[in-house]
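Student: All chains, please: the whole structure from these sequences, using the hints.
Taken in order, these protein sequences are the chains called R and D.
Mapping of the first sequence onto our numbering: position 375 corresponds to residue 375, and the numbering continues sequentially without gaps.
Basically our numbering = 1-based index in the second sequence + 1000.
It cannot be assumed that every hint is accurate.
Unchecked claim - Calculated pairs, DMTMM-like style, for lysine to aspartate or glutamate (alpha carbon to alpha carbon, straight line, at most 20 Å):
no., chain 1, residue 1, chain 2, residue 2
1, D, Lys1142, D, Glu1130
2, D, Lys1022, D, Asp1058
3, D, Lys1142, R, Glu124
4, R, Lys55, D, Asp1134
5, R, Lys55, R, Glu124
6, D, Lys1145, R, Glu124
7, D, Lys1145, R, Asp128
8, D, Lys1145, R, Glu123
9, D, Lys1145, D, Glu1130
The set of hints was computed from the structure by calculation and includes no laboratory data.
Please read all numbers here as calculations on a predicted model, not as lab measurements.
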Amino acid sequence: MTTVPPTTITETGAERAEAAPTRWADAWQWLERRLVALTERANPILVKETRQALKSRQFLVTFIIVLIGCWVVSFVGVAVVGPQIYYAASGPGLLIFYYAILALPLALIVPYTAFRSLAAEQEEQTYDLLSITTLGSRQIVTGKLLSATVQMLVYLCAVSPCIAFTFLLRGVDALTTAMMLAMAVLGSLMLCMMALLIGAVARAKHTQIVTSVALVLGLFGAFVGAISLGTAILTGGSVVFREPEFWVIAFGLMMVYVTTFGLLRAAAAAQIAFVSENRSTPLRRWMMAQQACFAGWVGGVLYAFSVYESLGGGPLSDVIIAGGAMASFYWYAMGAMLTGEWPHLSRRVQRSLPQSTLARALLSLMNPGPGSGYLFAVANLTTLVLAGLAALWLLDAAAGTWTPIETAACFLVLAWSYVVGFLGFGRLLINLIRRWAYVPMAAAFLLHVILLLTAIGVPTVVQMMSREYRNAGYTLLQLTNPVWTLAELWDRGMAAVEGEILILATPALAVIALLLNMRSVSTELLHHRIPVPIRVAEDEAALHPAPEARPTSPWELDDDANGTV
Amino acid sequence: MVGARRPLIEVRRLHRYFGPTKAVYDMSFEVYAGEVFGYIGPNGAGKTTSMRILSTLDEPTYGDAFVDGFSVVDDPDRVRRRLGFMPDYFGTYQNMNVAEYLDFFARAYGLRSYQRRAAIDYAMEFTLLETLADKPINGLSKGMKQRLSLGRTMIHDPAVLILDEPAAGLDPRARIELREMIGRLADHNKTVLVSSHILTELAEMCHRVGIIEQGRLLAVGTVQEISSRTHTRSEVRLRVLSDPAVLINYLQARSDVSSVALRAGQVMLTHDGGPEEQATLLRELIEAGFPVVEFGSKTKSLEDVFMHVTEGRVQ
Ligand SMILES: Nc1ncnc2c1ncn2[C@@H]1O[C@H](COP(=O)(O)OP(=O)(O)OP(=O)(O)O)[C@@H](O)[C@H]1O
Ligand SMILES: [Mg+2]
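Tutor: In structure tokens:
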């Protein structure tokens, strides 16, 4: 073997030629290291599913279809426009086609893939293997969402050159395009979240076919909706975006979006979490966030109306009525689910119950359980209704027109009563049935709905059958019918619905329902925190050792020194 | 068995009902560090159900179980860090190869960078999968899947391994390899709970076994303990030169003999008692004047022990 003698390179050209690649190689290696470090930190499910997607035929086929679609649209579009392409504003026409091609994977395929990936975990029984790893249920949901996002971005990248091409054709502005794409991505994310929630809820095999079909139909509807929305933005967008109100509303919708997304994600995670875990409190936090946003927005709208336009009491009280109706519906729906929770608190949950008197007083409503859930819904709705009444009182002082305000106040009180009453009696019914049979949350929700429909349907049918009352319009028989009663009240005021009786009877029934529930609710709220087992405390200390006590002042340092000497 | 007497698995009054079916009924036992515990029972005995509860995949109707001192109901997250479960099925993923499969589970158990690579290498070496690293998992044979499943189970180096019928569907050679692997796991001071229908399969690799049927734990102990406990009844075969009818009459009068029958000139009987009592019986027969030419007692095989302890009831 010969050893290579050290040579000195004098030629500067050669030196440069060698140095350049190494600099690039260094940069490349640095980038690679960064990327590797990134994947180390990344969600395992994201890594796994990205790998799988890159090998999967379905992904490849969709990707190629999207590409081919874009080419076809480009060529056909250019051919149709012909020589006018140099001066005509043909951008929007092409853009809407590209948008439709993008909407296909974003609205239909990616959400359905997300649903399938969760469903396949159940079918192949890998879900069991996954759930006994140290991955939490929230990480699993997040991982599935992230991998859907990555796929979404890949499709977006495939279409983006075409969208850039439409700029060259004039007629589209950057803001409109950006809004369209943002809406497509956000919409797709929300659809994925919903698909994942549905996948998590519908775990039984026999329901999966039905849910798949329903989901595909729903997603197809979303696809059509996305295209029509895109068209609307493209035709009217550039005008609408200049209005400041648009941005205010967009901000409001964004808040609704974020809180709903958070709620759905917490719900999906709760669905797949282990039974002993606290699956309710995170959801309740999101509900409160959503309610806070809602209250803020109603307040903002009221303020804007009263400052910018001297409209008097009428429309303002309409805003409050509409807000009250929405809040009542929301809390009825949420309450119908919350009251279906299972009453048994696991020891794991009992370990983390609030402990101090103040915390117990304030936070006990966040504890899992049907009774605390009922009270949680009631307390939230009560807060909103009281805020509404306070706003009405302020309006009354300012405007002095009493009648619409009286109607609004009556509406709020009645809506509150109906929600409290229906949830309360529904919960009593569930409690009764639970003595003999297992009532899961879905069944409890269904019971609430059946109760409501009965209360609406029976008086309606009775009135229709009766010769005397058939044409009498609204009668007191409809006391239990919240829909008709509230609609009539809003339309025609207190006098039309015999307000004096209603305003006494309905809240009285609601309070009775509340009181009848109090016994079981209080047993739930009186749960105390139980101590953490020693073994768990030891393990916790080993996992997260308390930081070493560091001297916080020079005096302590002296003490330390004295101690050791 | 290793001396450290801390139960790594502790089952306390475990119950699991599916409607009217009592899949697990009042089961209690302990398994210690470094011990291989065999779990034997016929189909539908409740092996899988109790193993799933131990692996935090299901919750008990009543009672609790502890892994390394942590309740499977209250602290499933802590149990999961210490436990590997190999179910009786192989959970497959599409478009994935062996190395990626292990890599995914290693990540899912929170192993990072070199730790993860070391864990994957070790698992592949241990389960003899190195040559198959790039093979798609859908194309694996039953035996390979079983090994990969074991590799996945041990990827995070758990102290407790729960293996549900790992030998099912394996050829004899693969069974021996599996037995060696389980032995090595025990040598590394792992606690192993392994189930099977077949006692002989477990007898060689388990320190102790538990026999369950209809959700109930019927017997726990070493194979010798259990078989000596059941040895007190044995099949005895007798042949005399005189009229067997007289012998049968004599035997039927005795309290330690049951189910006497004449089959092809031989008297078959079931005798309560161990070898010493059999010797006594033979001596007393001769003293009573029977010309005994054959006296055979059949030592019970492990299968007999199993058949004896369980009663073949199905729910
Ligand atoms: N999810 C379930 N729903 C209803 N019954 C169940 C369920 N899982 C198990 N069982 C019942 O519980 C009993 C015990 O079943 P298990 O699967 O634990 O038996 P096994 O000992 O594992 O049987 P094998 O040897 O056949 O695997 C059986 O009677 C079975 O029908
Ligand atoms: Mg089984």
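Student: If a hint holds in the structure, say so; if it doesn't, say that too.
Tutor: So, going through the hints one by one against the coordinates:
A C-alpha spacing of about 17 Å is found between D/Lys1142 and D/Glu1130, which places the hinted pair at or below 20 Å, so the restraint holds. The suggested pairing of D/Lys1022 with D/Asp1058 holds, with an alpha-carbon distance near 15 Å, which does not exceed 20 Å. Straight-line distance between C-alpha atoms of D/Lys1142 and R/Glu124 comes to about 16 Å, which keeps the hinted pair within the 20 Å bound. Taking the CA atoms of R/Lys55 and D/Asp1134, the gap is about 14 Å. The hint holds against a cut of 20 Å.
Distance check on the hinted pair: R/Lys55 and R/Glu124 sit about 19 Å apart at the alpha-carbon level, within 20 Å; holds. At roughly 14 Å between alpha-carbon atoms, D/Lys1145 and R/Glu124 fall within 20 Å of each other, so this suggested pair holds. Taking the CA atoms of D/Lys1145 and R/Asp128, the gap is about 17 Å. The hint holds against a cut of 20 Å. Between the alpha carbons of D/Lys1145 and R/Glu123 the distance comes to roughly 18 Å, so the proposed pair stays at or under 20 Å and holds.
Straight-line distance between C-alpha atoms of D/Lys1145 and D/Glu1130 comes to about 13 Å, which keeps the hinted pair within the 20 Å bound.
Checked against the numbered hints listed earlier, the structure breaks none of them; every hint is satisfied.
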